[in-house]
Amino acid sequence: MSNQASTLFDKVWDAHVVRKIADGPDVFFIDRHFIHEVTSPVAFLGLESRNIGVMYPERTFATADHNTPTLNQHLPVQDPLSANQLKALETNSAKYGISHWGLGHARNGIVHVVGPENGITLPGMTIVCGDSHTSTHGAFGAIAFGIGTSEVEMVLSSQCIMQPKPKKMRVNVNGTLGKGVTPKDVTLYIISKLTTAGATGYFVEYAGDVFRNMSMEGRMTVCNMSIEMGARGGMIAPDETTFAYINGREQAPKGEKWDKALAYWKTLKTDEDAVFDKEYTFDAADIEPMITYGTNPGMGQGISRAIPTSDQVEGGKATYDKSLNYMGFHENESMLGKKIDYVFIGSCTNGRIEDFRAFASIVKGRKKADNVTAWVVPGSHIVEAQIKEEGILDILTDAGFELRQPGCSACLAMNDDKIPAGKYAVSTSNRNFEGRQGPGARTLLASPLVAAAAAVTGVVTDPRELL
Amino acid sequence: MAYDKFTILKSTAVPLPIENVDTDQIIPARFLKATKREGFGDNLFRDWRYNGDDTPKQDFVLNNPIYSGKILVGGHNFGSGSSREHAAWAIYDYGFRCVVSSFFADIFKGNSLNIGILPVQVSAAFLDKIFLAIEADPNAELEVNLPDQKIIILSTGESESFDINGYKKHNLMNGFDDIDYLQAMKNEIREFETERIY
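Sequence lines, in order, name chains A and B. For what it's worth, this note's numbering labels the leading residue of the first sequence as 74, then goes sequentially. For what it's worth, this note's numbering labels the leading residue of the second sequence as 93, then goes sequentially.
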């Protein structure tokens with residue numbers, strides 16, 4: 074085995090297999106487990122009914138994010154069901170000795186934002202959470218993926234889950250990104266090429282110049298969206314950018330531990346002659362600012378293009394027609410100039426400081442369009458503080474935007490931040506499924522730059538014209 | 093949570109010939125607020141099944157009394173999207189024990205197996221045959237035979253084999269779950285944990 078060339082994914086996966094079951098899954102050890110209020114309560118109930126405990130409480134971290142309001146977080150949560158789930162997370166965490174950053178805690182925020190920004194997420198780890206966007210943490214060279222509640226119960230009770238090892242895919246993007254083309258556009262482009270099921274059964278490694286030159290925030294955006302093409306997760310080999318990001322963060326290793334960790338992290342890369350089950354290579358020059366026009370994240374294209382006809386896309390005509398009908402769009406129409414009603418910037422995909430810097434770069438000196446309701450939602454309190462410190466809040470306020478408090482918000486609309494039926498929202502989040510942002514809501518997924526351009530013009534606009 | 097053992101299931105089936113059925117359609121996020129695993133079947137396919145005023149949408153298959161059964165037959169890439177196990181709970185709670193499609197999203201498939209739903213992946217051609225058989229006769233029965241790993245359209249006699257790993261097959265046929273297995277190997281896990289660098 075040691076003589077054989079292996080991938081980054083192999084190295085991290087194989088180091089975490091406790092037992093291999095013949096004709097079955099691997100018993101797979103989990104270093105870090107994140108929990109939130111929505112997918113954990115039934116897992117804790119399971120522990121109780123079996124009369125078993127939490128094996129390593131120090132390996133699990135709780136944060137409240139899915140249900141939390143983004144206004145008036147100091148007041149009691151109005152929705153009794155949400156309040157009940159938040160209370161359950163608090164009670165269960167206290168009962169089993171799990172760290173809990175609940176509503177109002179200075180480090181509270183979206184789980185996939187707070188893990189990295191506090192140095193809990195590190196290269197070479199295995200990380201799971203009952204949330205499919207756990208793939209975000211792969212940006213650090215960790216194996217990170219979403220799990221169901223039965224598996225949350227497994228991790229709590231044994232620190233392991235049962236997983237068949239996925240196949241391996243590498244996606245290379247080489248060259249230099251053009252003006253106004255961001256990590257979100259890179260991932261929407263890849264998904265549009267591979268389709269929403271194109272990477273199902275695979276774990277993806279992203280490689281090439283574009284990812285090498287990308288910030289950690291950008292890498293998180295890309296890895297976050299891996300699940301949208303069906304991949305369980307995506308990862309990027311750690312490098313100096315990764316180490317510089319981690320160094321000094323609250324829970325990152327320090328002193329001698331740092332030196333030891335760093336030496337290990339430097340071994341975390343794919344060997345030159347390692348083989349992938351599938352490999353794709355794209356040219357950065359082909360990527361435009363992207364926008365989606367349909368009801369899955371694979372239905373995206375360059376913002377200046379016309380909506381494809383059903384014979385130009387994979388899949389059946391009936392499903393395609395259903396999708397365009399839901400969106401109120403037609404084949405061959407241009408996306409540019411379409412009137413929009415809402416803009417949402419935030420989520421575990423684009424709720425980090427760099428995303429608000431990008432948004433502000435277009436908003437600066439302009440005004441929010443009158444026909445647009447905008448929800449500007451930081452990914453965490455730390456991001457919120459940065460927004461204030463860097464003067465971004467002033468830019469937003471001058472342009473007529475209001476900054477909300479952190480949480481998942483309109484990405485999945487479990488709290489009050491719901492897009493009304495029939496309305497169009499340009500959203501920096503990750504899913505444009507029917508009803509995702511509220512029953513009947515119509516979502517156009519895009520980057521923070523495209524969202525900002527829409528927010529100030531009131532219509533779908535190419536951000537390159539405003540840069 | 094205990095579930096019904098799965099061996100041979102003979103049942104009529106409910107056809108849903110739509111591709112990329114995502115977990116937000118199976119159970120919208122606003123119905124994930126329970127702290128117990130109860131009643132999710134009521135909101136299965138909520139927004140396809142009911143209008144905004146909670147009246148049933150007559151053209152949706154679950155509201156059509158000619159279709160019923162313990163088998164749900166869906167289009168390509170069934171269960172994409174979120175990791176919410178609630179999607180599988182809703183399908184189970186509604187009364188389905190088996191979902192048939194030509195392709196499943198990974199997490200949904202794993203969640204289903206963990207709670208006692210058998211996901212049966214068939215070829216696109218065989219999926220079409222199933223849809224045709226149900227269209228011809230809504231009372232057409234399918235047999236899903238887990239021991240033999242075979243699915244049969246009883247009205248036409250056509251059949252196809254399906255894959256499942258031996259470990260999961262054994263679990264489903266006996267009503268076992270992974271937590272029992274993991275509890276039994278805690279010493280081995282403890283030993284492994286002491287070697288971890290993190």
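Treat the hints with care, as some may be off.
As the list claims (entries may be wrong) - With a Cα cut of at most 30 Å, we get these calculated DSBU-like pairs of lysine-lysine:
1. A:Lys395 x B:Lys261
2. B:Lys242 x A:Lys93
3. A:Lys240 x A:Lys160
4. B:Lys261 x B:Lys162
5. A:Lys168 x B:Lys149
6. B:Lys97 x B:Lys149
7. B:Lys261 x B:Lys149
8. B:Lys102 x B:Lys125
9. B:Lys278 x A:Lys395
10. B:Lys162 x A:Lys93
11. A:Lys238 x B:Lys149
12. B:Lys162 x A:Lys390
13. B:Lys125 x B:Lys162
14. B:Lys221 x A:Lys491
15. B:Lys128 x A:Lys240
16. A:Lys496 x A:Lys390
17. A:Lys160 x B:Lys221
18. A:Lys238 x A:Lys395
19. B:Lys128 x A:Lys351
Read the hints as simulated data drawn from the structure, not as lab findings. What you are looking at is a predicted structure, and each value in this text was computed from that prediction instead of being measured.
Here is how each hint holds up against the structure:
{"no.": "1", "hint": "A:Lys395 x B:Lys261", "result": "36 Å, violated"}
{"no.": "2", "hint": "B:Lys242 x A:Lys93", "result": "27 Å, holds"}
{"no.": "3", "hint": "A:Lys240 x A:Lys160", "result": "39 Å, violated"}
{"no.": "4", "hint": "B:Lys261 x B:Lys162", "result": "19 Å, holds"}
{"no.": "5", "hint": "A:Lys168 x B:Lys149", "result": "45 Å, violated"}
{"no.": "6", "hint": "B:Lys97 x B:Lys149", "result": "34 Å, violated"}
{"no.": "7", "hint": "B:Lys261 x B:Lys149", "result": "37 Å, violated"}
{"no.": "8", "hint": "B:Lys102 x B:Lys125", "result": "34 Å, violated"}
{"no.": "9", "hint": "B:Lys278 x A:Lys395", "result": "50 Å, violated"}
{"no.": "10", "hint": "B:Lys162 x A:Lys93", "result": "34 Å, violated"}
{"no.": "11", "hint": "A:Lys238 x B:Lys149", "result": "42 Å, violated"}
{"no.": "12", "hint": "B:Lys162 x A:Lys390", "result": "28 Å, holds"}
{"no.": "13", "hint": "B:Lys125 x B:Lys162", "result": "26 Å, holds"}
{"no.": "14", "hint": "B:Lys221 x A:Lys491", "result": "41 Å, violated"}
{"no.": "15", "hint": "B:Lys128 x A:Lys240", "result": "35 Å, violated"}
{"no.": "16", "hint": "A:Lys496 x A:Lys390", "result": "25 Å, holds"}
{"no.": "17", "hint": "A:Lys160 x B:Lys221", "result": "50 Å, violated"}
{"no.": "18", "hint": "A:Lys238 x A:Lys395", "result": "35 Å, violated"}
{"no.": "19", "hint": "B:Lys128 x A:Lys351", "result": "41 Å, violated"}
Violated hints, listed in ascending order, are 1, 3, 5, 6, 7, 8, 9, 10, 11, 14, 15, 17, 18 and 19; each of the other numbered hints is respected by the structure.
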